[in-house]
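A.B. asks: Start from chain A and add chain B according to the hints.
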Amino acid sequence: MILERKDILGIKELSMDEILLILDTADSFIEISTRDIKKVPTLRGKTIINLFYEASTRTRTSFEIAGKRLSADTINISASTSSVVKGETLLDTARNLEAMNPDVIVIRHSAAGAPHMLAGMVKQSIINAGDGAHEHPTQALLDMMTIRAKKGRLENLNIAIVGDIAHSRVARSNIYGLKKMGSQVTVAGPATMIPRDIEQMGVNVHSSLDEAIKGADVIMMLRIQLERQHLNIFPSLREYAQRFCLSKKNISLAKKDVLVMHPGPINRGVEISPDIADGPYSVILDQVTNGVAVRMALLYLLTGGKA
Amino acid sequence: MKNKNRVVMDAEAIDRSLTRVAYEILEKNKGLDDLVLIGIRTGGICLANRIQRKIAAMEGIKVPLGILDVTLYRDDLLRTNKKPRIGKTDITFSLDNRKVVLVDDVLFTGRTIRAAMDALIDFGRPRLIQLAVLIDRGHRELPIRADFVGKNLPSSLWEDVSVNLTEKDGVDEVVIEMDTEE
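Going line by line, the protein sequences match chains A and B. Numbering follows the numbering used here, in which position 59 of the first sequence is assigned residue number 59; successive positions increment by one, without gaps. Position in the second sequence (first residue = 1) + 1000 = the numbering used here.
Honestly, the hints are just simulated from the structure, not real lab data. In this text the structure is predicted, and so the values were computed from the model without any measurement. Treat the hints with caution; some may be incorrect.
To be verified - Computed footprint of chain B on chain A, listed as stretches where at least three residues anywhere in the stretch have a Cβ under 8 Å from a Cβ of chain B:
id	stretch
1	34 to 42
2	150 to 159
Claimed, not checked - Derived DEER-like restraints, expressed as beta-carbon distance ranges:
id	chain 1	residue 1	chain 2	residue 2	range
3	A	GLU31	B	ARG1145	23 to 31 Å
4	A	GLY45	B	SER1156	33 to 41 Å
5	A	LYS256	B	MET1178	56 to 64 Å
6	A	GLU31	B	VAL1175	29 to 37 Å
7	A	ASP36	B	VAL1171	35 to 43 Å
8	B	ARG1125	A	ARG5	34 to 42 Å
9	B	ARG1145	A	LYS256	56 to 64 Å
10	B	GLY1031	A	GLU31	26 to 34 Å
Stated by the list, open to error - The list that follows gives simulated cross-link-like pairs (lysine to aspartate or glutamate, DMTMM-like), each with its CA atoms no further than 25 Å apart:
id	chain 1	residue 1	chain 2	residue 2
11	A	LYS249	A	ASP275
12	B	LYS1083	A	GLU13
13	A	LYS68	B	ASP1118
14	A	LYS12	A	GLU54
15	B	LYS1082	A	GLU13
The C-beta atom is built at its ideal place from N, Cα and C for all residues, glycine as well.
Isolated chain A (complex conformation) (with noise of 0.2 Å):
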């Protein structure tokens, strides 16, 4: 089995064989990082561009130090330091980009799609790592890394998804992914931030945290996007927090084992609460230490000789 793709631009298109290749990729590069020298000479002589038109630390670095432990190069590009400022159209700077050859160009950008239409335009591999409220595939591949790793597999878990499904990128990819490997996905959230049509896409809908958490194996929070606050999506911080907050006092409805997720970064106390963000069923840190090993293993996967 061999990943046969130029690009990795989302959860949707991958099917199940894939996304366990990708997984059990992954589950071996673990390793290389736990080592004294957390490198290995595979990708040596390749180029990596991360090129980030939003705000990131945990992806960004993540895909920096999952190019470097394969030995790449890896050169970062945000949007505020570019010539983005300038004016620069996002083709007329992927093509440049593309002139100086490099073999990956990784991608964030805020509008849903831009990834793709560089997909058809460069002859690079085209990663996307978030693309508006679309997709974010690299967070879901490394949620259910994390997810097989502690539960032991993928099929016939309920996963809650709370929060800001609406805007949520990554509740999109989770879904769709989780949905493939045969789980059950339930999202909950206040009215404003659940879309429409979600129903479609397979999941149950509650409006009330308590109900979407019964019987839960794995609850991922989503972050409140301050940012998107004048959006008039919810009334107040403290009311969200009131309805919508994962904390010692909800968690016991979930099953005993239960696996609390969440993207990050968090904001302590709107969607969770320290005690459980630090408590013994997080395994937020687990996420971010497995995001470097599903980047390094789509950056093996996909970059590959002419033969």
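C.D. replies: Just chain B now, with coordinates in the frame of chain A:
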């Protein structure tokens, strides 16, 4: 074309060879001090396990055993689009100042062993590295030789040598297969 498979070693022959290799490892290293075995994925793992058991039966000591996947160190990796599946590397002990015996099933071009040595040196600085193989079939492309050889098996380049082992293939045998593709 007819399938011309020839069994050149059976279970007994393999077992006797491994017993001799285990004795030679002890003899050459004058005991077990600082000795570790590293099996190269996948054929080398079963053989390293068996050598470990044989040494334990002779000396009453279980020498440390690690598993190495050399895929990420291969020199042909980026020349093809066919990416081998990566297996886990599992070396839970330090290699510093250890006598490392690499174990593999077939020694052929020597490229796997080159990759394995590069990988080992990323894990530490062994005092020495030795090589034990069940079959040496010749045709080296690098200046590498084995310290312990189960059987020298001169072969032609259009033959395939397969080491089948009970743990993974259900039977112990070494088979020469004619390449009937062309």
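A.B. asks: Against the structure shown, which of the earlier numbered hints fail to hold, in ascending order?
C.D. replies: Violated hint (a single one): 2; every other hint is consistent with the structure.
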